[in-house]
Amino acid sequence: MDYGQPDESEEHRVQLAPPGPERLFRLESEKSLQERMRQEARQRPTLERISFPDEPVLSTESYAARVFPPARGVVEPNYVCYKRLLFEQKNLERYGWDLGFITPFVSAGKFYWDVVWMPYHIWTAPCRCYECSAGYCLPGDPVPLLIYPPELSLTGTVMEAGTIVALFAIFPG
Numbered sequence: 001m002d003y004g005q006p007d008e009s010e011e012h013r014v015q016l017a018p019p020g021p022e023r024l025f026r027l028e029s030e031k032s033l034q035e036r037m038r039q040e041a042r043q044r045p046t047l048e049r050i051s052f053p054d055e056p057v058l059s060t061e062s063y064a065a066r067v068f069p070p071a072r073g074v075v076e077p078n079y080v081c082y083k084r085l086l087f088e089q090k091n092l093e094r095y096g097w098d099l100g101f102i103t104p105f106v107s108a109g110k111f112y113w114d115v116v117w118m119p120y121h122i123w124t125a126p127c128r129c130y131e132c133s134a135g136y137c138l139p140g141d142p143v144p145l146l147i148y149p150p151e152l153s154l155t156g157t158v159m160e161a162g163t164i165v166a167l168f169a170i171f172p173g
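Using the working numbering, you'd call the opening residue of the sequence shown number 1 and step up by one each time.
I should point out that these hints are in silico values taken from the structure, not numbers from a laboratory.
There may be inaccurate statements among the hints.
[Stated by the list, open to error] In silico SDA-like pairs for lysine to any residue, Cα to Cα no more than 20 angstroms straight-line:
#1 Lys-90 with Pro-139
#2 Lys-90 with Arg-72
#3 Lys-90 with His-121
#4 Lys-90 with Pro-56
#5 Lys-110 with Gly-156
#6 Lys-83 with Arg-42
#7 Lys-83 with Tyr-130
#8 Lys-83 with Val-115
#9 Lys-90 with Arg-42
#10 Lys-110 with Trp-123
#11 Lys-90 with Asn-78
#12 Lys-110 with Gly-100
#13 Lys-31 with Pro-56
#14 Lys-31 with Ala-41
#15 Lys-110 with Asn-78
#16 Lys-83 with Ile-122
#17 Lys-110 with Cys-127
#18 Lys-31 with Arg-42
#19 Lys-90 with Thr-124
#20 Lys-110 with Leu-145
#21 Lys-83 with Ala-41
#22 Lys-110 with His-121
#23 Lys-90 with Ala-41
#24 Lys-83 with Leu-145
#25 Lys-110 with Tyr-79
#26 Lys-90 with Val-80
#27 Lys-90 with Val-75
#28 Lys-110 with Ala-134
#29 Lys-90 with Tyr-112
#30 Lys-90 with Pro-150
#31 Lys-83 with Lys-31
#32 Lys-83 with Asp-141
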C-alpha cells in the first residue's frame with residue numbers, strides 16, 4: 001500500500017490562479033455565504049454535507065444604552081497673562097538668582113533705576129496692556145545671569161525727555 005499517493009477516486013481541486021477582485025471583495029451576508037458554500041459542496045464528486053453551528057442567542061431583551069452625566073474637564077494653560085510689570089527683576093524674582101549678601105543692594109539699585117526710567121517704560125508700548133509668560137523659561141530651569149537691555153522706543157524717549165523737562169520746570173534748581 002502506497003501512502004504517498006491519494007486514491008484515484010478522490011479528486012482534489014487546487015486553484016493555482018489568485019482570485020479576482022470581484023470574488024475577493026464580494027459583499028454578501030452570513031446566510032448567503034453559508035448557502036454558497038453548501039452549493040459548492042454539492043457540486044463536488046464526493047458528497048459532503050456541510051453543517052454550520054446554530055448561532056447562540058445573546059439576549060432576548062432590547063438594548064438599553066447607558067446614560068452618563070456629561071463629563072467636564074478643567075484645562076489649565078501652560079502660560080499666564082498679566083498686566084505689564086514696570087518694576088520687574090527677572091534674574092532675582094523670576095529665575096531665582098541669589099547674589100549673596102549684595103542681593104538687597106542690587107535689588108534696591110534696580111528699583112531706583114526703574115523709578116527714574118518709569119516714564120520711558122510706560123510709553124515704550126502704550127497700547128500693550130498685557131504680557132504673557134509664554135516666552136520665558138519655566139521655574140527651575142537653569143538660566144544664566146543676564147543683563148536685559150531696555151527696548152528702544154521713540155515714544156518712550158520723547159515722554160522721558162518731556163518728564164525731565166517738566167520736573168525742571170516744576171522744581172527749578
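Hints, verified against the model:
| no. | hint | in the structure |
| --- | --- | --- |
| 1 | Lys-90 with Pro-139 | holds (11 angstroms) |
| 2 | Lys-90 with Arg-72 | violated (37 angstroms) |
| 3 | Lys-90 with His-121 | holds (15 angstroms) |
| 4 | Lys-90 with Pro-56 | violated (72 angstroms) |
| 5 | Lys-110 with Gly-156 | holds (19 angstroms) |
| 6 | Lys-83 with Arg-42 | violated (85 angstroms) |
| 7 | Lys-83 with Tyr-130 | holds (4 angstroms) |
| 8 | Lys-83 with Val-115 | holds (18 angstroms) |
| 9 | Lys-90 with Arg-42 | violated (88 angstroms) |
| 10 | Lys-110 with Trp-123 | holds (19 angstroms) |
| 11 | Lys-90 with Asn-78 | holds (19 angstroms) |
| 12 | Lys-110 with Gly-100 | holds (16 angstroms) |
| 13 | Lys-31 with Pro-56 | holds (15 angstroms) |
| 14 | Lys-31 with Ala-41 | holds (16 angstroms) |
| 15 | Lys-110 with Asn-78 | violated (29 angstroms) |
| 16 | Lys-83 with Ile-122 | holds (12 angstroms) |
| 17 | Lys-110 with Cys-127 | violated (25 angstroms) |
| 18 | Lys-31 with Arg-42 | holds (17 angstroms) |
| 19 | Lys-90 with Thr-124 | holds (18 angstroms) |
| 20 | Lys-110 with Leu-145 | holds (14 angstroms) |
| 21 | Lys-83 with Ala-41 | violated (82 angstroms) |
| 22 | Lys-110 with His-121 | holds (14 angstroms) |
| 23 | Lys-90 with Ala-41 | violated (85 angstroms) |
| 24 | Lys-83 with Leu-145 | violated (25 angstroms) |
| 25 | Lys-110 with Tyr-79 | violated (26 angstroms) |
| 26 | Lys-90 with Val-80 | holds (16 angstroms) |
| 27 | Lys-90 with Val-75 | violated (27 angstroms) |
| 28 | Lys-110 with Ala-134 | violated (24 angstroms) |
| 29 | Lys-90 with Tyr-112 | holds (15 angstroms) |
| 30 | Lys-90 with Pro-150 | holds (13 angstroms) |
| 31 | Lys-83 with Lys-31 | violated (71 angstroms) |
| 32 | Lys-83 with Asp-141 | violated (24 angstroms) |
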